[in-house]
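Each protein sequence line maps, in turn, to chains X and D.
The opening position of the first sequence corresponds to residue 1 in the working numbering, with each subsequent residue numbered one higher.
The opening position of the second sequence corresponds to residue 241 in the working numbering, with each subsequent residue numbered one higher.
Keep in mind that the hints were calculated from the coordinates and are not lab data.
Idealized CB from N, CA, C, for every residue including glycine.
One or more hints might be untrue.
Unchecked claim - Once the Cα atoms are required to be at most 25 Å apart in a straight line, the calculated PhoX-like pairs of lysine-lysine come out as:
hint: 1; chain 1: X; residue 1: K45; chain 2: D; residue 2: K463
hint: 2; chain 1: D; residue 1: K477; chain 2: D; residue 2: K463
hint: 3; chain 1: D; residue 1: K285; chain 2: X; residue 2: K13
To be verified - Label pairs and their computed distance ranges (CB to CB):
hint: 4; chain 1: X; residue 1: A48; chain 2: D; residue 2: P327; range: 56 to 66 Å
hint: 5; chain 1: X; residue 1: I61; chain 2: D; residue 2: L454; range: 49 to 59 Å
hint: 6; chain 1: X; residue 1: A92; chain 2: D; residue 2: E299; range: 26 to 36 Å
hint: 7; chain 1: D; residue 1: R453; chain 2: X; residue 2: E180; range: 27 to 37 Å
hint: 8; chain 1: X; residue 1: R210; chain 2: D; residue 2: T358; range: 52 to 62 Å
hint: 9; chain 1: X; residue 1: E95; chain 2: D; residue 2: N362; range: 38 to 48 Å
2 protein chains.
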Amino acid sequence: MLTNIRIVLIGTKHPGNIGAAARAMKTMGLRQLYLVNPVEFPSSKAVAMSSNADDLLAEAIVVNNLEQALSGCSLVVGTSARQRKLPWPLLAPRECAELMIKHATTQTVALVFGREDTGLLNEELDRCHYHVTIPANPEYSSLNLAAAVQVLSYELRVASLNEPVNHEPLDDEFALASAEYIEKFYQHLEAVLYRIRFLDSQNAERIMRRLRRLFSRTVLERKELNILRGILVAVTKQLD
Amino acid sequence: MLTNIRIVLIGTKHPGNIGAAARAMKTMGLRQLYLVNPVEFPSSKAVAMSSNADDLLAEAIVVNNLEQALSGCSLVVGTSARQRKLPWPLLAPRECAELMIKHATTQTVALVFGREDTGLLNEELDRCHYHVTIPANPEYSSLNLAAAVQVLSYELRVASLNEPVNHEPLDDEFALASAEYIEKFYQHLEAVLYRIRFLDSQNAERIMRRLRRLFSRTVLERKELNILRGILVAVTKQLD
Numbered sequence: 001m002l003t004n005i006r007i008v009l010i011g012t013k014h015p016g017n018i019g020a021a022a023r024a025m026k027t028m029g030l031r032q033l034y035l036v037n038p039v040e041f042p043s044s045k046a047v048a049m050s051s052n053a054d055d056l057l058a059e060a061i062v063v064n065n066l067e068q069a070l071s072g073c074s075l076v077v078g079t080s081a082r083q084r085k086l087p088w089p090l091l092a093p094r095e096c097a098e099l100m101i102k103h104a105t106t107q108t109v110a111l112v113f114g115r116e117d118t119g120l121l122n123e124e125l126d127r128c129h130y131h132v133t134i135p136a137n138p139e140y141s142s143l144n145l146a147a148a149v150q151v152l153s154y155e156l157r158v159a160s161l162n163e164p165v166n167h168e169p170l171d172d173e174f175a176l177a178s179a180e181y182i183e184k185f186y187q188h189l190e191a192v193l194y195r196i197r198f199l200d201s202q203n204a205e206r207i208m209r210r211l212r213r214l215f216s217r218t219v220l221e222r223k224e225l226n227i228l229r230g231i232l233v234a235v236t237k238q239l240d
Numbered sequence: 241m242l243t244n245i246r247i248v249l250i251g252t253k254h255p256g257n258i259g260a261a262a263r264a265m266k267t268m269g270l271r272q273l274y275l276v277n278p279v280e281f282p283s284s285k286a287v288a289m290s291s292n293a294d295d296l297l298a299e300a301i302v303v304n305n306l307e308q309a310l311s312g313c314s315l316v317v318g319t320s321a322r323q324r325k326l327p328w329p330l331l332a333p334r335e336c337a338e339l340m341i342k343h344a345t346t347q348t349v350a351l352v353f354g355r356e357d358t359g360l361l362n363e364e365l366d367r368c369h370y371h372v373t374i375p376a377n378p379e380y381s382s383l384n385l386a387a388a389v390q391v392l393s394y395e396l397r398v399a400s401l402n403e404p405v406n407h408e409p410l411d412d413e414f415a416l417a418s419a420e421y422i423e424k425f426y427q428h429l430e431a432v433l434y435r436i437r438f439l440d441s442q443n444a445e446r447i448m449r450r451l452r453r454l455f456s457r458t459v460l461e462r463k464e465l466n467i468l469r470g471i472l473v474a475v476t477k478q479l480d
């Protein structure tokens, strides 16, 4: 289950933090590391900080954008230090781990970490089904990036040790939709909403975000998404 | 409750790890840091790695031995990466945190971490009531010192958030014995056991360790210890 969990680090500034994160992952049995636009990688500083986890660095996949990093993933969880203006489905680390491990028995899931200083951008957080916040000291909540990876990887490991091994094949009827397919749905939806003049340049960003939030909370299944896209196609056909 | 928890680092080699540990503590609301024979402290490297947790470094107390670091503490838990030959009462991090928080509502408790490379010595582990092991990947269990402090501090914070605040004054009848007083008891016990020729230079170490383990498991109360010492005094008096 742990090998189906992908750790995604976005825009990491210090290569030492990538190495320390790899070490944290490996101590907890995680292996899949994706790096989105790291400032410096590969790097000898990363190798030095990884201790003997440099095998994870050698296997790490570097990509240019979050979409590529989430390729093939169903459930996506983003880390966030604080609640945002628009409240998103929010998990505590323990709940987050239990949920991710449950999905990871059959599918690839992703846990996304932002930049050391500014975290994840709003548009990146919008791409996540859930957000997870480590319950830190409100007067000093600045966990080091690798320390945050350590805490959440630890919870994932504990949850995996508690989860009974599931040998049943995935029930195709209820398989989750992939992140790519969900993204295509949002593009399709936005286009159709513009076409029916529900959206305009004034309100589009706000409304699309609310819609993403709504669908994120449900964690869409593939067959449900087929239905939604079928509706969009039907609307378009009628307009044509 | 969290301010009644003392983090004790023994023989830390790299000052950067002390700074990173202070940062990890502060993010979780812990403040009491004791350093036993650090190789380099104070240190600018420690300050650099502490981010804005240098106030904890300024307040940190440096001592020459573990006894001084445990002064005034009742419950003492030592971190250990692996089970030793002589099995000691062993806690998972979550149980450890719940137990420590329970005691910390009224008393000072200590969580002890060893050297980066070799951990705690057997004689140091013998001074602890319990051991705690982070359930790491058996093929790569090498957590960075500050990462281990982060995981256990995180569990302590989560346990403190779950614990109802206890305003009842400590019932003196069942107050725990202090670490110093327990140590004096072991010295007294060992002397008496030599005197009655139960111990000799061949078996003393092994037997005293088994006795420590036995009493550690019980977490002795002060009044119980008074009784035990009373027995030792009585034995000596009879022999005289």
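Structure versus earlier hints - violations, ascending order: 1, 4, 7
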